[in-house]
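Protein chains in written order, with the working numbering: chain R, 1 to 223; chain P, 224 to 289; chain L, 290 to 544.
Simulated from the structure, these hints should not be mistaken for lab results. Please read all numbers here as calculations on a predicted model, not as lab measurements. Just so you know, even glycine gets a beta-carbon here, dropped at the ideal spot from N, CA and C. Any given hint could be a false lead.
[As the list claims (entries may be wrong)] Covered stretches of chain R, as calculated for chain L (at least 3 residues, CB under 8 Å):
no. : segment
1   : 25-34
2   : 113-124
[As the list claims (entries may be wrong)] Estimated spans, in silico, between C-beta atoms of each pair:
no. : chain 1 : residue 1 : chain 2 : residue 2 : range
3   : R       : GLN10     : P       : ALA238    : 34 to 40 Å
4   : R       : VAL165    : L       : ARG524    : 29 to 35 Å
5   : L       : LEU309    : R       : ARG89     : 31 to 37 Å
6   : L       : PRO482    : P       : GLU259    : 26 to 32 Å
7   : R       : ALA49     : P       : GLU259    : 48 to 54 Å
8   : L       : ILE440    : R       : THR155    : 56 to 62 Å
9   : R       : ILE51     : P       : GLY227    : 16 to 22 Å
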Amino acid sequence: MTGWAIPLFQRELRLAVRVGGGAFVGVLFFLAVVSVIPFGVGPDLHLLARIGPAILWIGALLATLLGLDRLFQADRDDGSLDLILMAGRPLELVVLIKCFAHWVATGLPLVASAPVLAIFLNLEPNAMGAVTLTLLVGTPALTLIGAIGASLTVTLRRGGLLLAVLVIPLAIPVLIFGVSAADAAIHDPVPFLTPFLILCALTLITGVIGPIASAAALRFSSN
Amino acid sequence: MDLGPHSDFIISSYAICFAVVLGLILWVRMDRAKLEATLKELAARGVSRNRSAEQKPEASGQALND
Amino acid sequence: MGILNFANPTRFMKLVQLALPWLVGLCAITFAVGLYMSFFRAPEDYQQGNTVRIMFIHVPAAWLAMMCYSVMALSSLGTLVWKHPLADVSAKCAAPIGAAFTFIALVTGSLWGKPMWGTYWVWDARLTSVLILFIMYLGLMVLWRTMEDPIKAGKAAAILTLVGTLNLPIVKFSVDWWNTLHQPASVVRMDGPTIHPDILIPLLVMAAAFTLLFFTLHLMAMQNEILRRRVRSLRLRAASTARPARPSSTIQPAE
């Protein structure tokens, strides 16, 4: 199985990095969203520190959503998606590998930039670390859930907004437990591990459901 | 020389500035080296801006051309 | 007119190649003098102690960040209005350098702010508008890289740059319009500088050094960009004149 998996992963990674911006645009959008919030909410540093983890999580979610239509759209446009479907490899595994490559190329840079953006929101170091850790565990879940929406909208010309609308309801549990875990690290009563382990579980669940649902949607769209 | 209680901040400021400037210089120079290597390789392959240099002698099997 | 001499890329490359060694040498000397003065001649500030030395890179970097954008704005005018052939090359190459200087200004300002004012970041007008400037630089860099054709990318970037020029006066005057945390203008003011010459002189020397550095890097980057476009047109030409592949076996006529 690894014979085709690694070349596919490398292909996806190379395409994601080379074509039009990739990780850079995602991080830039993350920065832009985090910069815009204080304009709306006001520059009060205590308020920003309190809602900081939520701002970072929402920013990461939006940045991931925007990058998701590159998951299948480019392949569909030049025909490689049909070739992949006809190649006879297990489609669920193909989707899983594509999602992993997409996460490494766009999700991981978001996680890496979170500590820097946390400075803008006046977060304490332990809050910074907690948010980064929850993002590290939670952004793969966002990508996997997003794959479902991406494959449902792959046939549409302007599927971008619809993709976001479809994905957000499914991503809400991940958001809830991610912010909850980050907040738990700051305020004492709730232990950090409780929501954090549930977040890990969510990622693992989406690791199974995401590829299965996405593969089914791709098969429907190709018929 | 003693920079006082906040010497860490002073030193790291200058260090970051130095690192960024060094990064810029390295980027420009490495980019130049790569571009010149590419131009040399293209010239070696016979690709040039002169139209006359592109008329290569025809090999056999013209059937597929034109 | 002088500018028209630079319109021919080949001539430009030659002129820059002649000027570069002088620029590099002058830049190195100015930096050496400036750093010496910053550390060994400038006195400690009576309030801030030695951390005032951060100012000797923070302020020039901030000035350069704005000057860089002005260069990009002028180049954009050159592209759209006068259609100067090298104007978009100049704009494209100024963007990463300007972004780097803005980054230095933001980081050194942050490191200066922590010991002095107790926080790495605060959303006051000056810091926020410089952060917006940084985001605009990065956005322009992305725009340049997403469009394939450099000429079209140049026009699009020129429009975006000119629209964004509105931010420059906001950055400059923000400390005067909104009195929050960042120090008000003390050098470029209507009544003249309010800084003591012992600190002003090293500051100006460092500013000159940074300016020379910008011009050196900018011209070198413009040379690279001209080479890059040469490579691109050579590759396009090679692709368009390539002979189609020959079959490995000869064609048999149908029996």
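Tested hints:
1. 25-34: It holds, with 4 qualifying residues against the three required.
2. 113-124: holds (count 3)
3. GLN10(R) / ALA238(P): 34 to 40 Å: holds, 36 Å
4. VAL165(R) / ARG524(L): 29 to 35 Å: About 42 Å separates the Cβ atoms of VAL165(R) and ARG524(L), which means 29 to 35 Å is violated.
5. LEU309(L) / ARG89(R): 31 to 37 Å: violated, 54 Å
6. PRO482(L) / GLU259(P): 26 to 32 Å: With a Cβ separation near 45 Å, PRO482(L) and GLU259(P) fall outside 26 to 32 Å, so the hint is violated.
7. ALA49(R) / GLU259(P): 48 to 54 Å: Holds, since ALA49(R) and GLU259(P) (Cβ atoms, about 51 Å apart) stay within the stated range.
8. ILE440(L) / THR155(R): 56 to 62 Å: Violated: the Cβ-Cβ distance is about 34 Å, outside 56 to 62 Å.
9. ILE51(R) / GLY227(P): 16 to 22 Å: Hint violated: Cβ distance 36 Å, outside 16 to 22 Å.
Checked against the numbered hints above, the structure breaks hints 4, 5, 6, 8 and 9 and satisfies the rest.
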